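S.K.: So you can see what is in the structure, the chains are spelled out below.
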Amino acid sequence: MHIFSYLIKIIKRQTKVGIGFVVFLLLYSCGKSPIEIDERTYEPKIVINGFLYPNQPVRNIKIARNFPVGATINLSEAEIPDAKVTITDVVQQKIFKLEWNNISKTYNYWLNDLKIEPGRSYRLDVSAVVAGKNLHASSTTTIPTNLGFGIDPSQSLGDTVLYRWRDEWGNISYPKIAYRQGATDNLNDAQFFALSLTAQDADLTTFIKNNPFGFDLEKTLKENEYFTIEQIQYRDQWARPEKAAADHVTYFELYWFNIWFYGRYRAIIYAGDKNFFHYYSTHNRLMDMDGNLHEPLFDIEGDGIGVFGSALADSIYFYVK
Amino acid sequence: MLLIPDRRKILTYLLVLIFLLTSFYYQSFLFASDLRRSSISGFVFDTANGESLIGANVFISGMNYGAATNTNGYYVITDVPSGKHVLICSYMGFKDFRKDIQIREGQQLVVNIALESQPLQAETIEVIAESLRTAELLYKKPISRLSITPMEIRQMPAIAEADLLRTLQNLPGILPISDYSSELYVRGGRADQNLYLMDGADVYNPEHAFGMFSTFNTDAIKHVEISKGGFGAAYGGRMSSILNVTNLDGNRHKFEGTAEISLLSAKATLQMPIKKTGSISASIRRTYFDQTVGRFIDDVPDYYFYDGHLKAFFDLNPNNKLTISSFFGKDILNYDFAAQASNSEKLHYDWGNMTGSLRWTHIFNPQFFANMWLTVSAFNSKFELTEITEKNELTDWSVKGQFEYAFSQKIDAQFGFEYKNLSTLLEQDSPGGIIDVQRQRSHTVGYFLVEWKPLAGWQIEPGVRYNFFSSDRTFEDWEPRLSSKYRLTETISLKAATGRYYQYLNRIPRPFLADIWTSANSYYGSSYSDHYIIGLLKEVAGNLEFEVESYYKTYRNIYSLKNHFMDLQPEGFDARGRPVYKGSKGLFDVGRGNSKGVELLLRKKYGSYSGWLAYTLARTEYTMDGVNQNRAFVPRHDRTSVINIVLNTEIKNAIRELRDLAYKSENSRWLFGLNFVYSSGQPITLTSSTYLMSSFPDREYDQILLYPTKINNFRLPPYVRLDVSLTYERQFKDILASSYIQIFNVGNRENVWFIRYTNLQQKDKIEQEVTTFNMLPILPSVGIRIKF
Chain R
1 MHIFSYLIKI
11 IKRQTKVGIG
21 FVVFLLLYSC
31 GKSPIEIDER
41 TYEPKIVING
51 FLYPNQPVRN
61 IKIARNFPVG
71 ATINLSEAEI
81 PDAKVTITDV
91 VQQKIFKLEW
101 NNISKTYNYW
111 LNDLKIEPGR
121 SYRLDVSAVV
131 AGKNLHASST
141 TTIPTNLGFG
151 IDPSQSLGDT
161 VLYRWRDEWG
171 NISYPKIAYR
181 QGATDNLNDA
191 QFFALSLTAQ
201 DADLTTFIKN
211 NPFGFDLEKT
221 LKENEYFTIE
231 QIQYRDQWAR
241 PEKAAADHVT
251 YFELYWFNIW
261 FYGRYRAIIY
271 AGDKNFFHYY
281 STHNRLMDMD
291 GNLHEPLFDI
301 EGDGIGVFGS
311 ALADSIYFYV
321 K
Chain B
1 MLLIPDRRKI
11 LTYLLVLIFL
21 LTSFYYQSFL
31 FASDLRRSSI
41 SGFVFDTANG
51 ESLIGANVFI
61 SGMNYGAATN
71 TNGYYVITDV
81 PSGKHVLICS
91 YMGFKDFRKD
101 IQIREGQQLV
111 VNIALESQPL
121 QAETIEVIAE
131 SLRTAELLYK
141 KPISRLSITP
151 MEIRQMPAIA
161 EADLLRTLQN
171 LPGILPISDY
181 SSELYVRGGR
191 ADQNLYLMDG
201 ADVYNPEHAF
211 GMFSTFNTDA
221 IKHVEISKGG
231 FGAAYGGRMS
241 SILNVTNLDG
251 NRHKFEGTAE
261 ISLLSAKATL
271 QMPIKKTGSI
281 SASIRRTYFD
291 QTVGRFIDDV
301 PDYYFYDGHL
311 KAFFDLNPNN
321 KLTISSFFGK
331 DILNYDFAAQ
341 ASNSEKLHYD
351 WGNMTGSLRW
361 THIFNPQFFA
371 NMWLTVSAFN
381 SKFELTEITE
391 KNELTDWSVK
401 GQFEYAFSQK
411 IDAQFGFEYK
421 NLSTLLEQDS
431 PGGIIDVQRQ
441 RSHTVGYFLV
451 EWKPLAGWQI
461 EPGVRYNFFS
471 SDRTFEDWEP
481 RLSSKYRLTE
491 TISLKAATGR
501 YYQYLNRIPR
511 PFLADIWTSA
521 NSYYGSSYSD
531 HYIIGLLKEV
541 AGNLEFEVES
551 YYKTYRNIYS
561 LKNHFMDLQP
571 EGFDARGRPV
581 YKGSKGLFDV
591 GRGNSKGVEL
601 LLRKKYGSYS
611 GWLAYTLART
621 EYTMDGVNQN
631 RAFVPRHDRT
641 SVINIVLNTE
651 IKNAIRELRD
661 LAYKSENSRW
671 LFGLNFVYSS
681 GQPITLTSST
691 YLMSSFPDRE
701 YDQILLYPTK
711 INNFRLPPYV
721 RLDVSLTYER
731 QFKDILASSY
741 IQIFNVGNRE
751 NVWFIRYTNL
761 QQKDKIEQEV
771 TTFNMLPILP
781 SVGIRIKF
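Heads up: the sequence lines are chains R and B, in that order. For the first sequence, our numbering gives the first residue as 1, with consecutive numbering after it. For the second sequence, our numbering gives the first residue as 1, with consecutive numbering after it.
Think of the hints as simulated: they come from the structure by calculation, not from any bench. These numbers were taken from a predicted model, which means no experiment stands behind them. Just to be clear, a hint being listed does not mean it is correct.
Calculated cross-link-like contacts (lysine to any residue; reagent style SDA-like; alpha-carbon spacing at most 20 angstroms) [what the hints assert, rightly or not]:
id, chain 1, residue 1, chain 2, residue 2
1, B, K765, R, A131
2, B, K275, B, E256
3, R, K16, B, D660
4, R, K32, B, N748
5, B, K420, B, F448
6, B, K765, R, N74
7, B, K763, R, K32
8, B, K787, B, I60
9, R, K32, B, T772
10, R, K16, B, L671
11, B, K141, B, I60
Here chain B stands alone, though its shape is the one from the complex:
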């Protein structure tokens, strides 16, 4: 019996190997046939810095032939009829590229396209052309996927400085749990159901400052996409969402940099070419609270964080590119409980991430494109407080390949593989016991999907993803995926998607300490979710995007950390009689659930004023065995209605645009940002009553205890918040200087996080007071940013 998992493992490896060999064998066959087909292919990049552009549209004027650039900025248009054509490329924030081309039958024309940027506010494209393009963009983007630009992230009013995850919390269907957390709750899923990818590497626990800020340095970001569900077979591993962050490759033409100082941190990003073959970019950020305020106020803990990013891009030859990317971040906290005392207890806690990825991009032939990655992602934390020590580590080594093949104008295929080796370690030594957990897991994935355009205005994408997860037992799971699009009219698209999504990792959330990741095993099986999504997308009034999406999700085998550790059994006891824990049996409650909702989004991406207006109506219910008497309950992150209004304006030109006057470029400008959130009340468990009791029979002292009502059966008042920012930008020759003031929660709204019950004990009576613990108050901040 013991041999069965090994056999399965070997079988899986063999399958992957056969799959790869077959792929390469067929590529040579395809290569031969591809030589007879005409195509136009190439990369699209920014003239100013040589950065490849993701999602640019390349098409032949007047014909239904076109393609969008992939994550490498590569496009291919196949089976182009011979003759003279006009090739057009368009991308938001860039001037249109137009080129007359002539193609012969069987010719494989390579056209690398350099787009010239223009300020987003200066878009002066004719309304008719623009109208078509907006509708086309909406049609092309996958269902439930939203992208956000670094500029949008920077312009969003924030706490102290721009933060990627906090920006995403303002998109429909994405919620925070509180002002104190940058975690994402996507369409009713929990925070550990999101996969964070940075340049292809998974990021675990992407948090600074106990979750207040995310680890993503916005100055290093080139492109961000979040898929809220219904994603294709190329992605998996999490049940709710995929956040894909691509960092800057670096300026390939000249030295460029930015420096910024905010109330939170100082940071700098530098980019430069490496001869003619590549580029490099680097960024670093560090908080300086410990070096300023901390030096004058004794009680402030010695705390700081830093993070950095380094990325190099090498254009080896027209068919081979190499990218090396690395990220590191660390939080360090030291606290002396009684600095004056000789025997003072000291606390040390540090935690951080490191990721590295090596990506090789290879073009076998214009139709056959491949990306291969070797990635590593590591998280570690160390806690020391005289009687308690803890080490928490996770390391993820992955090899993955993603292949794209353009069979024809009607059929594109993608296939790929991933092998992930995960090791985790948790060592805790405290007077109460020992935790000694070391785990080795592997996850092998193969996937295949086809983009099929059977008729004009139709696209169907069936796909399948195979998982082989090995822990103390093995899991083999198939994930079918299907999505489709239909162009109902020139401006309206209909979309639908469904699929199954498996997850093998679960997170143990902890207050003030880094979360611990556990995996599916003999006691806790794999979790999965089924998604059903339909959507309507419409271009409105030329350059507005309007989307309506409705979704229904089910969850099976979701895990929630038990409220007590009574069921957790030790493996044994050490010489001091302390229990030694090595397993996870008894750690979780098991449950199921569902989420449903409707999201409306009206978005303007460019112009002198941009932003979005979003409304979400949603409901999530979980049922956990042994919780709430096994009855369904709404989780704490459920919100019935959410309204988000985000507005970014360049004030003078916005007024001009509203009055239909021409855009006017000036050396200086004022930018105004606004972010408004309304969400209906957060569920909370109320106390039904209080009572007096002692904890032990020998104690005369009675505590005042609370007895809760049914779980989360009460809704807090609605959450309302308005943030504003004002930025002044001025161009001095080659330097663009901007200074900004941001006010988070400008109305100083007292939004409630939870309810507190305090008791004032007197001689013969107890006065009980019900108060609230509120979210963040008004938080103004200022900063300066220089781009050179």
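For reference, chain R alone in the conformation it holds in the complex:
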């Protein structure tokens, strides 16, 4: 332990050493350390965004690539037009090759021999070259059955809804969209129900300025270059299967904080499969409370990210004034 005695002797003899040490600490604690994130973190992936609907043709399967962090993303380079994309009917083991459409920038199947039927499973296989690397990804979806699923317009909100209208007791009322989940006791039935709400007339003129949250869209768009109108134009809610009788009517109560514009609205209710549920629940909720990120849950094997899911869908339109 001579080192301690030695150090103490130095300090005792040299008061200046102590002062110098404090100055050193001060200088060392100034400034910042740069973060260097190099491209080694980049892992090329095939981005899949496709859904199947029962009794409908296979359309609009998007196959794209991912980009390194911090890179400029050239939108015309996002889609992959030369990928090999197939759908396999898992039961019949029949393979159907999808074709690239240069207008919609999506993959589609145009013949009539591929039937998408409730309760059946279909596998999507994609092979493509991303950033010079040969990649392959596959995902299987099972089409929900949910016999009896659909919106019940007669029990839903009317054609027109008054913004934050109050009932006869002065309480704020919530517009409801009534729907039947249909049979939900089969393993292949929908894992969740999602409401996708679109303000179709969204712009600065239709924005509800007298909103109770004091949110000023015009000011925000001016001051925050990263904010876009779409962030409040598209809203969503979700519900779980109730395991009730097929004809049981249930409701989506629209939250008023999802309504930011006057005008026309489109509401689509999806009865989604497991893949859709996992994607919906995790794809953009990645940030923990401490700012850290966690992984999303994607049902894609191999080098793919995104979703290949299936759903039943029904829609309703209304007007907010």
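On the provided structure of chain R, position chain B as indicated by the hints.
M.R.: Positioned in the frame of chain R, the structure of chain B alone reads:
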């Protein structure tokens, strides 16, 4: 089958009852035999205010007979040989007490010791005597236990004002998660693995201002001890650490008070005697931001917090003492989103703690000492935002007893019990669903430990702790504990400890909202950790303490809140079709882990300059089922290397001390404080890439999404921070006035908390920018403190 838990419960109660009755039966037997044994016992207290002193050393000069005062300031030295002796008592910051005593065979001598305080900077004890005492102090303190004085807490440069938990974050092995949090991460454990005790009562969620500050008012604190692991059987309930805070009993001789105003709050502490039998102390603190800045700036939310403490001590007779202690604290936030609008949405959120404890201290005979508590601890929060309401409550009623018996100079025993009744309530009503959870839990504990000194310089402490936890199922767990000390040389001690530590409570952390506590149940079993610790302690150069400790900890059944609620199943649906949740199934990921590390601490506790230099080398790994593809990962609070330098000086006398000149007492003085932290980079999950996708098939609008890499596989740059404080103190007759300036992060270092990714979308391309969200910048603050 349903009867089995009840039978077990009854059996447990019976065991506890038999244990107690046996204890009392044997105490009468022991009492009879004790009458034949000679002993010296009594309390050690501060002459100035009558406060009992915890951890004071009392010993007989020239002999290997001695004891340290317990948490009540009580000591007993047994089997003292008859004859004339010199009794010595020493305690940091006080003049030595020496008294010639004469004891006959079988005599039970009571010597209450009053120590006279002296400024810490004025210690002028001979180096040789001091050297022995430092080594003795190091030997006596349990492994991994550190104490910190109120003065050290006050002198540490801080954000706005002194904060207990933020001070502790500068000790080796204890870390914050960020500048924005006062939570403690002890030796790789998570924040909910620490037990906070205030005058014997558990404190849940001890946080103000969304975690920025802790609820402990430093002016009310008398003594603080933190045990970072390897603690004996007397403590349990948490896997990582025990923080034991004892508040001031109150001045037993005269009226005394302090008042302080800082940029954060105004506070006052008053103490006074209650006739000749006791004392009372009270403190109150309130932030005043809402009454000052808030009145001039519209956008500032109406937010404030207050807390208070009241404690009364009654010296009923030489063998019975009673202490009543209470603490309360509240945070209140009101915010009007659009004050001008008639239909404005309003947010109301309040949360707070309340604790109360009644402690009866009884001396059956000089060798047999007991403390019994009745405590209550309650936490509640209420959240209201038009469409969302939430009520979150926790109440803990406990009865506990702690008995100490000194068999001989070689054997001391401690045993005790605890019965805890916990009730929790969580009611949440929102458009997305209903949460309605009400739980009733009980936790019964019995423990026994022996301090055995088989040979001179050896001490072995075996112990065992029994838990019976009852929720929707029951848990019975035994916790073996073992620690030992060996005096290698006059100045070097070796220590080791091991044990198993069970925990039945888990916390659900939430951003900006008070955490929710859940308990072990049918779905989530009890968590436990095994500790293995070895240490070397050496007194260096007379009055420096040097400690090296190495530890290895394992964790089993640790729980982490899932990143999504897909697996949480509702019990049913209400009339509006909203899901109603009543259980916790599907809420947590389950995992395991381990921590290992080495801590070095060089500390000087008194003199004109004091402080510590600490280095920690550590590594923690968790493996959670379903996370990171079931592979091990380092958690966010892992740091490989941490250096802490804390220095408090009384400038003029420090220079004198360094030049070996005598201490000089003056009416005024300048104090300088410094706190330096270096820690190697915090792990973080990086984004491996970005991609474009819409959330729904019907949307034309593609979001820019991030795809993370492996969890926490990247280290942020090292964290470096220097805080300084300068205090000017002046004595005006009976008033000591001090004014201070503190600068947190004086170098304005831009330490990174996390990485932000922002996207600027243009017509045909997207520019992505990677920026950082930083820790706190430079924060100067001033304050005035008056002691009268």
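S.K.: Can you name, in rising order, the numbers of the hints this structure does not satisfy?
M.R.: Failing hints, ascending: 7 and 8.
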